[in-house]
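Protein chains: 2
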Amino acid sequence: MSLRARYRQLIPVESARTRLLEALGDHRVPAEEIAVEEAAGRVTAQAVHAAISSPPYHAAAMDGIAVRSSMTFGATETRPLLLPVDALQPIDTGDPMPADFDAVIPVERILEKDEGHEIRQAVSPRQHVRLCGEDMVAGEMILASGRRIRPEHVGAMLQANVCRLFVRRRVRVAILPTGDELCEPGQDPSDGRVIESNSRMLTALIESWGAEAKRLPPQPDVPKQLTTAIEQALADPGVDLLLILAGSSAGRGDFTPRLIESHGELLFHGVSCMPGKPVAAGIWAGKPVIGLPGFPVSAMVAAETLLRPALDRLSGCAVKGPERIQAKLNRAVALGRFDSGWVAAPLGRGAGAITTLSRAHGILRVATDSEGIPAGQMVEIELLQSPSEIFDGLLFAGSHDMALAVLDDALAGSSPGMGIHVTPLGSLGGLAALARGEAHLAGCHLLDTESGTYNEKAVTRIMGSAEIALITLAHRQQGLCLRPDQEPMPKDLPAAARQGLRFVNRQPGAGTRLLSDHLMTQAGLTPKDLPGYEHEEFTHVAVAEAVRSKAADCGMLIEAAARALNLKFLPLVEERFDLVLPRAMLDDPRITALRVQLESADWQATVEALGGYDTRESGSIRCLPKNKWSI
Amino acid sequence: MSLRARYRQLIPVESARTRLLEALGDHRVPAEEIAVEEAAGRVTAQAVHAAISSPPYHAAAMDGIAVRSSMTFGATETRPLLLPVDALQPIDTGDPMPADFDAVIPVERILEKDEGHEIRQAVSPRQHVRLCGEDMVAGEMILASGRRIRPEHVGAMLQANVCRLFVRRRVRVAILPTGDELCEPGQDPSDGRVIESNSRMLTALIESWGAEAKRLPPQPDVPKQLTTAIEQALADPGVDLLLILAGSSAGRGDFTPRLIESHGELLFHGVSCMPGKPVAAGIWAGKPVIGLPGFPVSAMVAAETLLRPALDRLSGCAVKGPERIQAKLNRAVALGRFDSGWVAAPLGRGAGAITTLSRAHGILRVATDSEGIPAGQMVEIELLQSPSEIFDGLLFAGSHDMALAVLDDALAGSSPGMGIHVTPLGSLGGLAALARGEAHLAGCHLLDTESGTYNEKAVTRIMGSAEIALITLAHRQQGLCLRPDQEPMPKDLPAAARQGLRFVNRQPGAGTRLLSDHLMTQAGLTPKDLPGYEHEEFTHVAVAEAVRSKAADCGMLIEAAARALNLKFLPLVEERFDLVLPRAMLDDPRITALRVQLESADWQATVEALGGYDTRESGSIRCLPKNKWSI
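Those protein sequences? They're chains C and F, same order as listed. Count along the first sequence from 1, add 11, and you get the number used in the numbering used here. Count along the second sequence from 1, add 11, and you get the number used in the numbering used here.
Isolated chain C (complex conformation):
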């Protein structure tokens, strides 16, 4: 069977992991003796036994006086006992018990009198005494082999006077980037190259797992050169596992699986997991070799599911899985904590988009044979951050606005842990998510063409009789963007249509889409009068980028997005962008913090500097239904 044909015979990721772990068998990296002080995070290679007992003697468990318990018999509340001072010995917690003393009376139970110490309670033998060996007895096993050492294990070993121990040395991974098109970070990739970031990202990931990573010089897609580089890496006794980046798919330059097959044993090529499918692994020169896909999200997923278990196995400790929580599915996966539990809001970007991961809180796995998961269903999320790390922030759904990122940053700066997680769903999509209880905040700029007012009509229509508050984010200019060298420069949308300029549109439900549709209707234009009407993007910056990169010639957007990409901007309409939320949430301290920022001179200045923003009403509140206005 050809490699290409085999690649189509994908195996489940669990089977791939099992094949890899079975191929590793009992192989472990060597043990080394190190100081216990340096051992946290390492894995024990041998069981550890206490060298001495702890405590090493009978010791006071409280501050007070050491006594012979027999001296205290009979003392009660009603019949206090006076102990002669010279028969006692003051003692502090941890002090060894003096010979022939067998109990401690805590300091707070003693009344110091001139004649002696008065006590009102008898103590029994060994009361408030930590017996020698109570915690650990000399010779006792205090840590088994194959355990990852925590700080408290360091404490336990030192107290048992164990100063050195045998641990597995850190697993060493060599990372070999491949590809003809690679350039280094900082170089200009616009001539068609790709910045080689994966090796750095994976190095950080591998180091976060307690292993070591070494980056090798990138290699072009030339089988002979690749083979030499791989064999050199595997011959290095300091390399326990080799990662080959990219080249594991079935494209023209994807040689990794073929090379593994011809020089070693190919364990699998391709797993039924997207992203992460184009992954290959084998044993070559007696060492594990894993080929990871070039798309960063695929590489990260494959590393978590296959590389991490292999590293854990090589160091002889338990194979770690990801943390999981239960959440109600919104769309594709950012997380927000609500009174009723977690809500998962899908991000829905592709495997090539690193922001899919860098903006995500977690991953939802969907079965290969799944036909989809309905919104509202409870799902299990594998966390990229721990629940407490997922900022105590606000889940925002709705229209995209650049001032939101500034607000997110300002909130994080003023109240660490606070922030806004934006799911761009458009104005209408955001209100619908708010109505379903899947967002803390919606954001919209919806013109009511009859009244000429913004948002209130649409919010009332979608949110029904719910008590709703609107907080003004800002007023902003909507208009047309064009490349600065556009000739002739149209003065409005109808003029652009007449010139045959290719338009880039926003998705249905976006406030900007409703506005451009409204302007077209006013001008008597239909979609077929506007070439590119069907070309839809989800954000202002995506529209600006389409024009800048000549995928289109003009589009509707906010001034700040046009300015960010040095495009020409023709202002057409000033609109109000509101944050929409249940009125009851106005009391939430996070909303208070948010309003403080909206009204702050810093935030207002930063936002106005973006261009096209007016913050004259930022932070002001309106409540719906109107007859209940109270603020």
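Hints listed in this document are in silico derivations from the structure and should not be mistaken for laboratory results. Fair warning: there could be bad hints in the mix.
Since copy identity is lost for identical chains, a pair holds within one copy or between any two.
[To be verified] Taking lysine-lysine and the DSBU-like style, the derived pairs with C-alpha atoms no more than 35 Å apart in a straight line are:
#, residue 1, residue 2
1, Lys-579, Lys-539
2, Lys-235, Lys-561
3, Lys-225, Lys-502
4, Lys-298, Lys-579
5, Lys-124, Lys-288
6, Lys-235, Lys-539
All figures in this text were calculated on a predicted structure; none of them were measured in a lab.
Start from chain C and add chain F according to the hints.
Showing chain F alone in chain C's frame:
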């Protein structure tokens, strides 16, 4: 108010944390510019914006051929279209789209023919193309300030050609151990000293949080010397926070709170949290100073609840809380995963016992005003390890045996992640826990005095009609231990009683207790004939240690425990130690792994070398009720 009086006015730990964080206010450690490659785990000090768009050009999203979409219009399954090869361009994932080409046909949808490439489906403009800026647009904020950088953030920043960024420098903690009684690890503490392990344990903890720790030379409990050492530490610009170890209680040598009060501002002294109560914090020379208790468990708890939030705040990121899971309370807290969820088995050691933490999986917080939590209640556990790290192991309850630790180690060595967590409850206590479904395995050695057989009678009585299996751990010698210089040496328990030797007993429900009670009854002895009968310990080694340290003169135990502490052992009875489990669990792969070890030459040799063990039947299975014996 005197400090001592104030110490009695404990404040809730949440109030203490709030006071400390409020005192820190907006204070942050300085920012520094570092390479993005080195930034994982650090905290952003400024928002990060994309330097270039990603992808930096329109790029193929699949391996295949680049086409003009207009060329493909009309192609269907029934009307395939033949594209001339010279109008196409082969392209691999990530390659830039050639000028004037606007879509990619994936390689698997192409049939290569002599006359050209046959396609059976049209593609639309931009299909399988990643548009320039689709992931990140130049100028877009890709990371807000105050966020902890993950590996995927490193990838995102490098792809956006951001190579350096401003992060908070690591927070630097100086650790000052105090106390007249300290000695270094490796020194002999048996003359009344205490091994200074806390600074090393806390260093490991602080480093695991991404901060730096520097240990200062220990200081005696002399206020003037202490003050000088503290002022020196605080004058060091490389110190952001000072930890003073021990001296924060209200004992004679506890000067920390007094010194803070007289040289700075004391924020609190004492929190209503046990362990962890004797903690103090203040601001001195403009820097935070925290006095931690000397007991290791108290120090760790206070560090988690007060130090960690302070370090997070100083680095400007979200204050992290511990991970939590829901579990059903068994006793006091080790964790085991059952089909029905997690079960929490309390360890119940003291604040001075580091094994309370080093053997624990998590912490259960009990409210100050709680009158107790009934077994069986669902409780929230703060995890010391992540759920996936808590070994896929077996929760054992019952009699303590040294062969169990050897088995734990052997299992961890052969199947990483496997292991046995022992809760010593005695033979009867273990069976009761098994019956309640709170342990995977019980361990017992219960003599039926009528039949002279071990375990089956008691198991049937306690487990009722449940189908139960017994796996023999080993046979072992029970007997009397004495110090080797005992003169005269008694030959049995009645002889020891006649000599007036002080006995150390096991707790009620322990198989050894039932055995010693039986031997006493046979000899016509009553508890009052045996001095020390009421002195109870929970394990064999604790009994041995009591005799070694002269807290008692003799006790009943297994030979291995006596041998471990070089005591004289008088064998009296050979008994069978069985592992008891639901018969259905015999199919569990963990039980299979366990039996493999019990029957292995390695485990048997190691256990027999402990002394007093016979492994002739180790690993053999008996099933109850007897009429269903099948193995």
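Checked hints:
no.: 1; hint: Lys-579 x Lys-539; verdict: within (25 Å within a copy, 101 Å between copies)
no.: 2; hint: Lys-235 x Lys-561; verdict: neither (40 Å within a copy, 75 Å between copies)
no.: 3; hint: Lys-225 x Lys-502; verdict: neither (57 Å within a copy, 66 Å between copies)
no.: 4; hint: Lys-298 x Lys-579; verdict: neither (57 Å within a copy, 52 Å between copies)
no.: 5; hint: Lys-124 x Lys-288; verdict: between (81 Å within a copy, 28 Å between copies)
no.: 6; hint: Lys-235 x Lys-539; verdict: neither (55 Å within a copy, 88 Å between copies)
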